[in-house]
Amino acid sequence: MADGPVPSWEEVARDHGRKIYNFAYRLTGNADDAHDLVQEVLLRVRRGLASYRPGSFDGWLWRITRNAFLDEVRRRKRRPSVPLPEEDPGGVDPSPSPEDELSRIRLGEDVQRALLQLPYDFREAVVLCDVVGLSYEEIAAAAGIPVGTVRSRIHRGRKMLKELLT
Amino acid sequence: MTHPGDLLSAYVDGESPAAERRMIDGHLDECASCRSELAVLVEARAAVRTLPVLDMEAPRRPGRRLLRPSVAWAFSGVAAVALALGLAFAPGEPETTFDLDTLRDQHTARVVVDPGISTVRSGP
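One line per chain: the protein sequences are A and X, in this order. Numbering-wise (this note's numbering), the first sequence opens with residue 1 and increments by one. Numbering-wise (this note's numbering), the second sequence opens with residue 1 and increments by one.
Keep in mind that a hint or two might mislead.
What the hints assert, rightly or not - One side only, chain A facing chain X, incomplete, derived with CB under 10 Å:
1. V6
2. G17
3. K19
4. Y25
5. I154
6. H155
7. R156
8. K159
9. L165
Quick caveat, the hints were computed from the structure, so don't treat them as lab data. Using N, Cα and C, we set each Cβ at its ideal position, and we do this for glycine too.
With the sequences and hints as input, model every part of the structure.
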């Protein structure tokens, strides 16, 4: 959708809602938080489309998405009764049954748990690259950082992830 | 060439410029340590890329209100538009359809069951 005509809100919801949900879920490990973030992002997109000028639509959309996510994290820090996702990556069952173990692997829970242990900047870069499928330039535009920083964060994030999974 | 370090992830992602890619190709032929590092990156990348793509679920926490009330109210309008248009959040899957006649019938039934709405509207 980059450099194309300005999409309607309905097109954004239809074409990107699922990706935004998966982005949020992989960053938080929590379906409810991911759902809330999709709502918030679509609201912001609705408000912002009027002033959007054709350019890198993905860069624009993902900048809104990550800002919405960071706003929510900051808002919760001010109201600490609600646990932050990073503080509760989920417990580990000390003796899972073979069926549980199979299910856990199938759902990628070990990978999800490892993702939640990465520093936020690394996790975000890895998720935008490998879950959302953005290019390094698009990630740089969304996060407002140089491409070299994106490269470094993805690299370090992947190395840490592999260590956590070993 | 010195060890490519964090250039390797860009290499794995096809994000390296052609000249850099050629240099890394040459270096990997010579350097076992960088080949091991490359294997680590490829595995980590594959682990995340093969995570299942999740469908959006409705919130499960009862009585939860994470959004600010103003935002929640505004979204209710947005959601209504989405539902009325039969939007699906999962591309490639059967579209969710929404029967406007059913919605209208339910609304009518609610007015009958809760005549207070009509009373308020008709006024004194």
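Hints versus structure:
A hinted interface residue such as V6 (chain A) counts as satisfied when its beta carbon comes closer than 10 Å to some beta carbon of chain X; here the least separation is about 18 Å, so the hint is violated. Taking 10 Å as the C-beta contact cut-off toward chain X, the hint placing G17 (chain A) at the interface holds, the least distance being around 4 Å. At its closest, the beta carbon of K19 (chain A) sits 9 Å from a beta carbon of chain X; the interface hint therefore holds under the 10 Å criterion. Against a cut-off of 10 Å between C-beta atoms, the interface hint on Y25 (chain A) holds, since the closest Cβ of chain X lies about 6 Å away.
For I154 (chain A), the interface hint holds, the least distance from its beta-carbon to any beta-carbon of chain X being 5 Å, beneath 10 Å. Restraint check, H155 (chain A) versus chain X: the minimum CB separation of about 4 Å is within 10 Å; hint holds. At a threshold of 10 Å, the smallest CB-CB gap from R156 (chain A) to chain X is about 7 Å, leaving the interface hint in force. Checking K159 (chain A) against chain X: minimum C-beta separation of about 6 Å stays under 10 Å; hint holds.
Annotation: L165 (chain A) was flagged as interfacial toward chain X, and the flag holds, the nearest CB pair being 6 Å apart, inside 10 Å.
Of the numbered hints listed earlier, the single one contradicted by the structure is hint 1.
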